[in-house]
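Here the structure of chain Y is known, so what remains is to put chains V and A in place on it, guided by the hints.
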Amino acid sequence: MSSITDPPKANFRLSMLIYDTRYRSATIQIVALMGFMLLAAWLIGNAVENLNALGKTISFGFFHETAGYDINQRLLDYQSGDSHLRAALIGLLNTLVVALLGCVTATVVGVFVGVLRLSKNWIVAKIMTVYVEVFRNVPVLLWIALIFALVTESTPHPKTFRGLDTGAVVVTNRGTYLPEVLFSNSLGDISLFGQSALRFDVSLDLLAIVLVLAGGFFASFKLRKRADRIQEATGDRPTTWWQRLLVIFVPLGILLAVLGLHFGYPELKGFNFRGGTHLRNSLIALWLALSLYTAAYIAEIVRGGILAVSHGQSEAAGALGLRSGRIMNLVVLPQALRVIIPPMISNYLNLTKNSSLAIAVGYMDITGTLGGISMNQTGRELECVVLLMAVYLVISLSISASMNWYNNRVKLVER
Amino acid sequence: MSDTSFVRTEMLPQKAPPSTSVGIIGWARANLFSSPVNVVLTLASLYFVGYVLTSLLPWVFLSVWNADSLTECREIMNETWGSTHGHACWGVVNDRWLQLLYGFYPSELYWRVNLTLVVTLAALAPVLFAEKTPRQMLWLTGAYPFLMPWLLWGGSIWNPVVAALGFVTGYVVYRAVSEIAGSLLAVVATVVAALFWWFVLAAPAAALLSDIVPLTIETVESRKFGGFMLALLLGVVAIGVSLPIGILLALGRQSDLLVVKAMCVGFIEFVRGVPLITLLFVASLLLNVFMPPGTNFDIILRVMIMMTLFSAAYMAEVIRGGLASLPKGQYEGADSLGLNYWQAQRLIIMPQALKISIPGIVSTFISVFKDTTLVSIIGLFDVIGLSTAIRADTSWNGIYWELFAFIAVLFFVVCFSMSRYSMYLERKLQTGHKR
Amino acid sequence: MKKSVILGALTFAGLAAGAAAAGTLDDVQSRGKLNCGVNAGLVGFATPDANGEWGGFDVAICRAVAAAVLDDANAVEFVPTTGKTRFTALASGEIDVLSRNTTWTFSRDVDLKFTFVGVNYYDGQGFLVPKELGVSSAKELDGATVCIQTGTTTELNLADFFRTNGISYEPVPIETEAEAQQQYLAGACDAYTTDASGLAATRAAFETPGDHVILPEIISKEPLGPLVRHGDDEWGDIVRWTLNAMIAAEELGVTSANLSEMAAGTDNPEIDRLLGTTGSLGEKLGLDATWAQRVLAVGGNYAEVFAKNIGEDTPIGLARGLNAQWTEGGLLYAPPFR
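Going down the list, the protein sequences come from chains Y, V and A. Be aware that the first sequence starts at 1, since it is given in this note's numbering, and climbs by one per residue. Be aware that the second sequence starts at 1001, since it is given in this note's numbering, and climbs by one per residue. Be aware that the third sequence starts at 2001, since it is given in this note's numbering, and climbs by one per residue.
If we strip away everything but chain Y, and leave its shape as in the complex, we get (with noise of 0.2 Å):
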């Protein structure tokens, strides 16, 4: 009778670290980390070491001191007298604007354009293959200056404004300006976090917009609901779309007619228009730079995405009478979106990362101000540039995490 044995154990040896392949990876791995703790304990140790000879403290302290300096786009309310924190949040806020308003443009433009370079219309097509080229072979900092002083060369003097005072959409070469929403009876505002840095006004007009909306949708919901219901059970469906309709505007009229909404227009007072939403011409200029150097690529990857759908798409499309638009529309371009997003995400971060080149038109997002000005006035260059990387690597990872699950589900559609 014979017994299956284990094979002899061998006694562990040294060298086994380095030749067994059952500890090699193990030792490997030791060995990398411990490199990589020392260089970091070397690099921290220097730091501390120069930091000391220089007489500096890593400290957060100065965030809290008074910035002094004003900014002028901003989206929640700002004094010289707030602090570097609050203008940090500012320059954060103003940096989320100017990339969220780059990327939905830059896809805009750019889905058109690579349409566009498609088109059997020959100059068509020559006119976009040399925006694509012009605008993808130069560099982005060139760029926003130069379109920053072309949007200010080319627009009127607030005097020149065609010879107006006022006007619904006001372009002036300091900024255009759009109508604002007021409210003559105004429900005022909830003030969050009191004086902090971090102070934030929440409209109750919008607030109480906000909610009729969603109850009208919520109302409209049910009515479908029922509509669907009735279906089911008798096999005509009632005409709801009118009541659907009713449910959400009604209640939204009456509530805008009771807050007492009217628009505000800008008018020409003194030097400049007043009044009205005020898009300074540092964002429109970067932002317009942004979104052109964007889809640039955009429109290429777009290109890349209409050619990898099969030949025989299209021309079944074509067999079944679609027109050539809707052809685009309904078969072409739902195919190439998986191949374009991916590439597409790349895009969307490296817009919000060109976006720090705002410092080139002086608008102030988070690397003008916390990067900027307040580290050049309180000199603390690590803290400051530390935090802004930070700050960025956070809106980076969000951007592709975010990406990353939409471009998942629109695979799951795929078989």
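Calculated directly from the structure, the hints in this document are not laboratory data. Heads up, a few of these hints could be off.
Said to hold, decoys possible - So the derived list for chain V, only partly shown, Cβ under 7 Å to chain Y, looks like this:
1. Leu1041
2. Ser1255
3. Ile1358
As the list claims (entries may be wrong) - Derived pair list, reagent style DSSO-like, types lysine-lysine, alpha-carbon separation capped at 27 Å:
4. Lys1428(V) - Lys1132(V)
5. Lys2308(A) - Lys1224(V)
6. Lys269(Y) - Lys2308(A)
To be verified - The calculated label-pair distances, taken between Cβ atoms and stated as ranges, are:
7. Val2213(A) - Pro1058(V): 30 to 36 Å
8. Ala1044(V) - Glu2217(A): 50 to 56 Å
9. Ile44(Y) - Val1192(V): 25 to 31 Å
Where a beta carbon is used, it is the ideal one built from N, C-alpha and C, also for glycine.
The following block gives chains V and A in isolation, referenced to the frame of chain Y:
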């Protein structure tokens, strides 16, 4: 049988196509005016092109070339056209173009920069146009990392030679030790020997050699580098050095070793997550803080380091793409031949993955090259930084568009030709994969 | 202390020996070069010409220090700095002296730990407006759009000025002088504000300078001067007294033209002490007796340097104003050489 026949007995002669579908008219009908929408589009486009050209061309061509200052330019414009509006003053480019190209590099040594450019192209040729160049040129590619710094920075020829000898020493030691002991020990010995050579023996050896045979060209400090040359240099160094780092990072990212993978992913995502400008802030403001007290790097070197790290992360992603596009069979094939990890990478995987990645590498180069303009924000005299300095000269204070236009054209020419090259390569690679 | 680091085989050329905290003078002398931080381009104050030669009012200070310490006015490495990088460059030892139109403020002196060795230009922030705007005082700028160059003390001064006067304004921060000019000329701002010296230079570059006026208000004090690190007083003294020598020479009537004549000996004992004909002031500084002669041989005394770079005969055309000698109603007052 009737003699009338409905069947034609001879072929009809071929008719010329209708005049509306051939020639210029036919082409225009097909490509410009095929539908009402297209007619509108075409007319709008023509108007747009005409508008741009009529406003741009007079500015470009009805311009002043020979002037030593903006004031002189304006005088000439007023004399010739009666107004200064709508005319370019290219006098500034005429006056400063050498500076815009070479920065503050001594003018009698411009030949060294030009030679470096030629050597760079020659060293790249065997990589970029592999089948059209003799393999012997790879020797130049190998020598390039030592030749290029010597040509640009100058100094004794023995410095790069001694530096290169470090690699030779390492190789010799590796061969010798791997005969006796295992390969792992050989690697350790190689590293030790090379480091020993560089840190201990290299400096005296170089000094000794230059005493015996002094072969020295004039030293140029990196502070004198600037202009377009600086952009090219930063781009070439960043891409060249980041290639090996990028390969290692890409392999690390695909590795099974958790710690190694985590470190590589962390590095790549960190660098790709922050804007280059913050890394340049680190180079200009913080890098010295993290170095041992008393160390003082040149700012150009610090920028090179950060740009290299920056492009390494992007390079790693490009190469990862190349690795991912290789069929799994290649890896399995390498395994079945009994090759170990590094042999498989060196002989099977990397040659193919790198070849696929070349277009991506070229476009990374283009974007890094364009991004070098950001160094002007930290006060380096690249083309944009120089344009600020030129405008600070009282003769050219107040000039705006001409300098930017010149810089834009400069970048466009270089980047456009590189992107064309990469497209050519992509097409070539695609046909290479078709069966 | 010197420490050389070799990073790989390729970096040999780019490495410079480091400067440590002690003995900047020794470092400079052993290096044979003075590292001087200057503006990366400011009309009249620091500009590289077509050959890469630096010139300007701030640059003259660097050259004077180099002449005093190294006997060679050209032994200067000019390190272009931005508003952001200048203090780090000085603190980290990358530069030995910063001569970059830097305002002497409390926090820079005390908190950032620098020593301002003196003032080479008394500046102040002013406003430039087009004549057709019809404004004669900065206080009439209520609601105006004002272009500012960022990265300096200007935005703080501006905010303070408008707040204390209770008037509103719209700031348009601009990164570079060239852009600011372009924006201002395109009418994107009603007024442009920066140091008055900069305004004069900007205005001089316009096609029709007469259409623009500099408003009378000077809203801030901007004493601009060279600075060194805290903690090396010997080095600070050298830079301080180099600047003082230039100012004193003007007061005493020593110019580059009559320098050799004066150096032979005069009947004014202070001139003799300054030029090292008698006494041992130079040795006390750690230099030699004729250090001040070398300083003055470079570009002459303060008045000559001023006239050559930014004075009324240059396109910039600045009047001496506050920067005249105290005997002529200005603020320049060099302590005695004794």
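Original post:
Do the Cβ positions of alanine 1044(V) and glutamate 2217(A) conform to the proposed distance bound of 50 to 56 Å?
Top reply: 52 Å, holds
**OP:** Kindly confirm whether 30 to 36 Å is satisfied by the beta carbon distance between valine 2213(A) and proline 1058(V).
**Re:** 33 Å, holds
Original post:
Regarding the pair lysine 269(Y) and lysine 2308(A), is the alpha-carbon distance no greater than 27 Å?
Top reply: 45 Å, violated
**OP:** Mind checking the CB of isoleucine 1358(V) against every CB in chain Y and telling me if the closest is under 7 Å?
**Re:** Result: violated, 18 Å to nearest chain Y Cβ.
**OP:** Could you grab the alpha-carbon distance between lysine 1428(V) and lysine 1132(V) and see if it respects the 27 Å cut-off?
**Re:** Distance ~13 Å between lysine 1428(V) and lysine 1132(V) Cα, so the pair holds.
Subject >> C-beta pair isoleucine 44(Y), valine 1192(V): status relative to the range 25 to 31 Å that was hinted >> reply: 27 Å, holds
Subject >> Restraint satisfaction for leucine 1041(V) [CB to CB of chain Y, less than 7 Å] >> reply: 5 Å, holds
**OP:** Closer than 7 Å between Cβ atoms is the bar; does serine 1255(V) clear it against chain Y? Give me holds or violated.
**Re:** Cβ of serine 1255(V) sits 9 Å from chain Y, so the hint is violated.
Original post:
Is the hinted pair lysine 2308(A) and lysine 1224(V) satisfied, with a Cα-Cα distance of at most 27 Å?
Top reply: 26 Å, holds
Of the numbered hints stated above, those contradicted by the structure are hints 2, 3, 6, listed in ascending order.
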